[in-house]
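Novice: Sequence:
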Amino acid sequence: TQETRQLLLNATARRDAAGDVCGIFVVAQDITEKKRDADELEKVARDLRDLIDKANTPIWGVDKEGNVNEWNDKTASLTKFSLEEVMGRNLVDVFITEEYKDSV
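Here this note's numbering runs 131 ahead of the position in the sequence shown, where the first position is 1.
Calculated directly from the structure, the hints in this document are not laboratory data. Zero decoy hints are in this set.
Taking lysine to aspartate or glutamate and the DMTMM-like style, the derived pairs with C-alpha atoms no more than 20 Å apart in a straight line are:
hint: 1; residue 1: LYS211; residue 2: GLU201
hint: 2; residue 1: LYS185; residue 2: ASP204
hint: 3; residue 1: LYS205; residue 2: GLU215
hint: 4; residue 1: LYS205; residue 2: GLU216
hint: 5; residue 1: LYS166; residue 2: GLU134
hint: 6; residue 1: LYS185; residue 2: GLU216
hint: 7; residue 1: LYS185; residue 2: GLU215
hint: 8; residue 1: LYS165; residue 2: GLU134
hint: 9; residue 1: LYS205; residue 2: ASP181
hint: 10; residue 1: LYS185; residue 2: GLU201
hint: 11; residue 1: LYS205; residue 2: ASP184
hint: 12; residue 1: LYS195; residue 2: ASP224
hint: 13; residue 1: LYS174; residue 2: GLU164
hint: 14; residue 1: LYS185; residue 2: GLU173
hint: 15; residue 1: LYS174; residue 2: ASP184
hint: 16; residue 1: LYS232; residue 2: ASP194
hint: 17; residue 1: LYS211; residue 2: ASP184
hint: 18; residue 1: LYS211; residue 2: ASP224
hint: 19; residue 1: LYS195; residue 2: ASP233
hint: 20; residue 1: LYS166; residue 2: ASP178
hint: 21; residue 1: LYS232; residue 2: GLU196
hint: 22; residue 1: LYS205; residue 2: ASP178
hint: 23; residue 1: LYS211; residue 2: GLU229
Restraint ranges, calculated between C-beta atoms of paired labels, are given here:
hint: 24; residue 1: ASP184; residue 2: ARG146; range: 52 to 58 Å
hint: 25; residue 1: TYR231; residue 2: LYS195; range: 17 to 23 Å
hint: 26; residue 1: ALA142; residue 2: LYS195; range: 41 to 47 Å
hint: 27; residue 1: ALA142; residue 2: SER208; range: 50 to 56 Å
hint: 28; residue 1: CYS153; residue 2: ASP184; range: 55 to 61 Å
hint: 29; residue 1: THR163; residue 2: ASP233; range: 54 to 60 Å
hint: 30; residue 1: ASN200; residue 2: THR143; range: 39 to 45 Å
Glycine included, every Cβ here is placed at the ideal spot set by N, Cα and C.
Based on the provided sequences and hints, a complete structural model is requested.
Specialist: Written as structure tokens, this is what we have:
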């Protein structure tokens with residue numbers, strides 16, 4: 132069986148001594164393996180995203196400023212705050228009640 136190969140092509144005009152175009156130079160680079168690796172990495176990333184989103188335990192994360200950057204389906208279900216409501220907002224300032232802010 133023949134395998135389809137993915138090629139990255141770069142072409143430039145070939146000119147004669149007078150500067151007139153008389154052809155082209157083409158350089159081809161086989162990127163089949165690189166593309167396959169990138170596709171596999173993308174699949175793994177999607178699978179991990181699905182694992183986090185569908186986990187049966189709440190998973191959330193914040194960046195170094197305390198802004199929410201991760202919020203899975205279980206967290207949304209338990210807190211009643213959707214992903215859209217919380218992403219990019221400060222977890223403690225916005226979503227933790229006053230009585231618990233100091234301990235968080």
